[in-house]
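Q: One-letter residues, chain by chain:
2 protein chains.
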Amino acid sequence: MAKDKEFVQAITPQSEDFSRWYIDVITKADLMDYAPVRGCIVFKPDGFELWEACQRELDRRFKETGHRNAYFPLFIPESFFQKEKEHVEGFNPELPWVTEVGDEKLEERLAVRPTSETIIGHMYSQWVQSYRDLPLLINQWANVVRWEKRTLPFLRTSEFLWQEGHTAHATEQEAREETARMLDVYTDFVENELAIPVLRGQKTPSEQFPGAVATYSIEAMMKDGKAVQAGTSHYLGDNFARGFEIKFLDKDNERKYAHTTSWGMSTRILGALIMVHGDDRGLQLPPRIAPTQVIVIPIGPAKAREQVLAAAEQVITSLRAAGVRVRMDARDDVSPGWKFNEYEMRGIPLRLEIGPRDLEAGQAIVVRRDTGEKTPVALTDLTTIVPQWLTLVQTGMLANAREFLRSHSQSVSSIEDLHTVVRAEKGFALAGWCGDAACEAKVKEVTGATSRNIPFDPPEQITTCVTCQKPALHTVWFGRSY
Amino acid sequence: MAKDKEFVQAITPQSEDFSRWYIDVITKADLMDYAPVRGCIVFKPDGFELWEACQRELDRRFKETGHRNAYFPLFIPESFFQKEKEHVEGFNPELPWVTEVGDEKLEERLAVRPTSETIIGHMYSQWVQSYRDLPLLINQWANVVRWEKRTLPFLRTSEFLWQEGHTAHATEQEAREETARMLDVYTDFVENELAIPVLRGQKTPSEQFPGAVATYSIEAMMKDGKAVQAGTSHYLGDNFARGFEIKFLDKDNERKYAHTTSWGMSTRILGALIMVHGDDRGLQLPPRIAPTQVIVIPIGPAKAREQVLAAAEQVITSLRAAGVRVRMDARDDVSPGWKFNEYEMRGIPLRLEIGPRDLEAGQAIVVRRDTGEKTPVALTDLTTIVPQWLTLVQTGMLANAREFLRSHSQSVSSIEDLHTVVRAEKGFALAGWCGDAACEAKVKEVTGATSRNIPFDPPEQITTCVTCQKPALHTVWFGRSY
Numbered sequence: 000m001a002k003d004k005e006f007v008q009a010i011t012p013q014s015e016d017f018s019r020w021y022i023d024v025i026t027k028a029d030l031m032d033y034a035p036v037r038g039c040i041v042f043k044p045d046g047f048e049l050w051e052a053c054q055r056e057l058d059r060r061f062k063e064t065g066h067r068n069a070y071f072p073l074f075i076p077e078s079f080f081q082k083e084k085e086h087v088e089g090f091n092p093e094l095p096w097v098t099e100v101g102d103e104k105l106e107e108r109l110a111v112r113p114t115s116e117t118i119i120g121h122m123y124s125q126w127v128q129s130y131r132d133l134p135l136l137i138n139q140w141a142n143v144v145r146w147e148k149r150t151l152p153f154l155r156t157s158e159f160l161w162q163e164g165h166t167a168h169a170t171e172q173e174a175r176e177e178t179a180r181m182l183d184v185y186t187d188f189v190e191n192e193l194a195i196p197v198l199r200g201q202k203t204p205s206e207q208f209p210g211a212v213a214t215y216s217i218e219a220m221m222k223d224g225k226a227v228q229a230g231t232s233h234y235l236g237d238n239f240a241r242g243f244e245i246k247f248l249d250k251d252n253e254r255k256y257a258h259t260t261s262w263g264m265s266t267r268i269l270g271a272l273i274m275v276h277g278d279d280r281g282l283q284l285p286p287r288i289a290p291t292q293v294i295v296i297p298i299g300p301a302k303a304r305e306q307v308l309a310a311a312e313q314v315i316t317s318l319r320a321a322g323v324r325v326r327m328d329a330r331d332d333v334s335p336g337w338k339f340n341e342y343e344m345r346g347i348p349l350r351l352e353i354g355p356r357d358l359e360a361g362q363a364i365v366v367r368r369d370t371g372e373k374t375p376v377a378l379t380d381l382t383t384i385v386p387q388w389l390t391l392v393q394t395g396m397l398a399n400a401r402e403f404l405r406s407h408s409q410s411v412s413s414i415e416d417l418h419t420v421v422r423a424e425k426g427f428a429l430a431g432w433c434g435d436a437a438c439e440a441k442v443k444e445v446t447g448a449t450s451r452n453i454p455f456d457p458p459e460q461i462t463t464c465v466t467c468q469k470p471a472l473h474t475v476w477f478g479r480s481y
Numbered sequence: 000m001a002k003d004k005e006f007v008q009a010i011t012p013q014s015e016d017f018s019r020w021y022i023d024v025i026t027k028a029d030l031m032d033y034a035p036v037r038g039c040i041v042f043k044p045d046g047f048e049l050w051e052a053c054q055r056e057l058d059r060r061f062k063e064t065g066h067r068n069a070y071f072p073l074f075i076p077e078s079f080f081q082k083e084k085e086h087v088e089g090f091n092p093e094l095p096w097v098t099e100v101g102d103e104k105l106e107e108r109l110a111v112r113p114t115s116e117t118i119i120g121h122m123y124s125q126w127v128q129s130y131r132d133l134p135l136l137i138n139q140w141a142n143v144v145r146w147e148k149r150t151l152p153f154l155r156t157s158e159f160l161w162q163e164g165h166t167a168h169a170t171e172q173e174a175r176e177e178t179a180r181m182l183d184v185y186t187d188f189v190e191n192e193l194a195i196p197v198l199r200g201q202k203t204p205s206e207q208f209p210g211a212v213a214t215y216s217i218e219a220m221m222k223d224g225k226a227v228q229a230g231t232s233h234y235l236g237d238n239f240a241r242g243f244e245i246k247f248l249d250k251d252n253e254r255k256y257a258h259t260t261s262w263g264m265s266t267r268i269l270g271a272l273i274m275v276h277g278d279d280r281g282l283q284l285p286p287r288i289a290p291t292q293v294i295v296i297p298i299g300p301a302k303a304r305e306q307v308l309a310a311a312e313q314v315i316t317s318l319r320a321a322g323v324r325v326r327m328d329a330r331d332d333v334s335p336g337w338k339f340n341e342y343e344m345r346g347i348p349l350r351l352e353i354g355p356r357d358l359e360a361g362q363a364i365v366v367r368r369d370t371g372e373k374t375p376v377a378l379t380d381l382t383t384i385v386p387q388w389l390t391l392v393q394t395g396m397l398a399n400a401r402e403f404l405r406s407h408s409q410s411v412s413s414i415e416d417l418h419t420v421v422r423a424e425k426g427f428a429l430a431g432w433c434g435d436a437a438c439e440a441k442v443k444e445v446t447g448a449t450s451r452n453i454p455f456d457p458p459e460q461i462t463t464c465v466t467c468q469k470p471a472l473h474t475v476w477f478g479r480s481y
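If you're matching them up, the sequences are chains X and B in order.
Take the first sequence: its letter number 465 is residue 464 in numbering that gives the first Met the number 0, and every next letter is one higher.
Take the second sequence: its letter number 100 is residue 99 in numbering that gives the first Met the number 0, and every next letter is one higher.
Be careful, since some hints might not be right.
SDA-like cross-link-like pairs, simulated, lysine to any residue; straight-line CA separation at most 25 angstroms [stated by the list, open to error]:
#, chain 1, residue 1, chain 2, residue 2
1, B, Lys62, X, Val323
2, X, Lys104, B, Ser78
3, X, Lys82, B, Arg37
4, B, Lys222, B, Ile453
Hints are computed from structural coordinates only; laboratory data are not their basis.
Please build the complete structure, drawing on both the sequences and the hints.
A: Printed below as a string of structure tokens:
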């Protein structure tokens, strides 16, 4: 049991040092390792499996909304970046450049893509000729690189994995509808699969995507009260269409620029998943996304082992048939107590303990990772009860995270109060904003918080600017962010 | 009808110019487009969908054989390449180098990965400490870059997509078994899903992977008699383990080097799929891999349209329930004849025509892409007949390709005969080889053919070297290759 204790103690408590807790958990849970390249990580199998689960759920939703996958080159010629002025200024400092191949210098430098609007814009200009070619609804799963100064595993890495949707439309209205639709898709995925509640809204101009007309985001709150931008959807107007000549002959026989959108979600969502649900015992995975939903631990003396394992196998077979992702840890050189701690740390939603006395009573013990509740369940009821409990855990996790977000958010009317809310009380502040970028910058300077977004549906409308106290144009969420 | 004719004529016949035929088909079938980066292509949705189907089938097989996916960085520090001498010599001329980020020069150049043995070797050296950590069975889906001089869409592109398996084992025997197992997995996938028969064997030393002890390959024959190396599996001995210090404490308490393997299959397999099965009418997709297996074409006058579409929808619903991937082309501004040609060109295995007279007779017309056979089938029998026919088409395509391979392969005893077989008769030659690299080089110099592999199971053993006429150590397949 001394061993079990040591196991738990290796994770720094959240209240002591949240950053330390985060690194402890992702390391101990084997999700990642640091790579020998600045700011890059290795996604270890347990971490990559989480991304695969996200990919599967997102990809299904993209296809259901009419999108198809394609793949565009990793390298982007330097000249392409010059075609959209704000875009190049936004990304230039972070771009890695390929300047030579083998022993030969290249005539034109090639950027390693930080995002693909430019090269996709170039291709779309060749694919779009007539209104019949529109809408063009394409998604790409890819690696991208942005040489970040401060990096943090999953949340901000030099190379990361993501999907980027790129669509072209005949009209502004259709493009704006697409932008909204994909923000809905992200919201649905993040709330219903990952059990992470989000704040939906529009980014202020200073925080929007370089080259966009409007950027919309979903923002999530971590357990330390900081924000993670979980997904963004951009209406690009005809900015990229003009830069790359994406023009089409419309029904009215006029040549027009297309209206384009882009939208992306990346492996940073894994960082959010961990920081929203994790606790001092480790990870906590929502059942719908958990690669393993139930871990079966056989218990009891060696002489009962064969009988217990046989019963456990039966349970596993019937649970699998009921659509439950279940596996067993039958190692005999590790104590059950050690295993209990290990799978709590790995965040498996339900644990099933089966020992000889349970078998005599025709039952197994089911333990919830979220509440710690232990309940004996008749073996014959497992295929009904386990799926029900998985749903309960999922719903409960979302409700808890929603309550955390609500109780850590409040409206403020002065910069001082905003400072208190984001620093001392560790949460988000809802504040009025006159629309002047200088007032927004002042908030950041004084409090370290940035505007998260202008909510579509704010809990209240605030009428004076938090900085200058003049009439507010918008009500804005502010928070410190990752 | 003039329009239909034009449609077909746009594809150059294979007999006239096979290379032209290939480009015509992949362009017309919308599989790819040329990218504005040297030697790179864009995988358009119809092309990428084929790769997604391959990924799904391969990934399933990898997981069934105990492998898990992970993700390692795109960039590899220059110093890593120096640690395995043959490896660096093999890849150096093709490596793109990142030398600067933003406006800053990097202290150490970073290669864009051409393959990941080095960076994965570095990580494994940290993950493997004890025999308990072995075997380590990891696969990565990734993009890689090799700056090729001559490029050809899918078959040889500067950037390509692939999977690379990397495993570490405690003993040579286990590593060799893994190497063989993955060659079996590739064989199973390529023959049973893609209907491409392959020749299995070991590469000669001059053709093996830089840094490997032994490379095994599966080789396929295109319709122009040229070879495509469809997949490779390498036993790397302890070469990379020594270079990167992958050492473990064994059961006997001794520290030993691990034995590693790697194995890969790339998007070049799509080129093989097209060149093995395609004909003068276009693509021909094996049913098991075809994203759409059946295309439904409604036929008849406008006044019958509603009735026909309703019946077609019913057919589609019942076929989907039977597990068939089916869709309808209900466009009314394109003639049925045009559609027939289009979907033959796109290689859809079965076409289902439904018109008002068919409905009266309670039937639909089923047309096979491979044989052109047209058969009326009762609507009530479709869910039984269609899956049966899909299996027939799949089996028939493999049998045809096998017969083509057999009839274009023959044994030879002189370089002159070898030359005739690979050039004039457009096939593979089976020849004896003394084991001297000079004799192998001579074959290439005179005939343009390279050794494909030393088959595990040659149709016959040849006892004299095709070049020097001394006793042969091996019987070898030779062929011109892509």
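Q: Hint by hint, say whether it matches the structure.
A: Structure-based check of each hint:
{"no.": "1", "hint": "B:Lys62 / X:Val323", "in the structure": "18 angstroms, holds"}
{"no.": "2", "hint": "X:Lys104 / B:Ser78", "in the structure": "20 angstroms, holds"}
{"no.": "3", "hint": "X:Lys82 / B:Arg37", "in the structure": "20 angstroms, holds"}
{"no.": "4", "hint": "B:Lys222 / B:Ile453", "in the structure": "22 angstroms, holds"}
The structure shown violates none of the earlier numbered hints.
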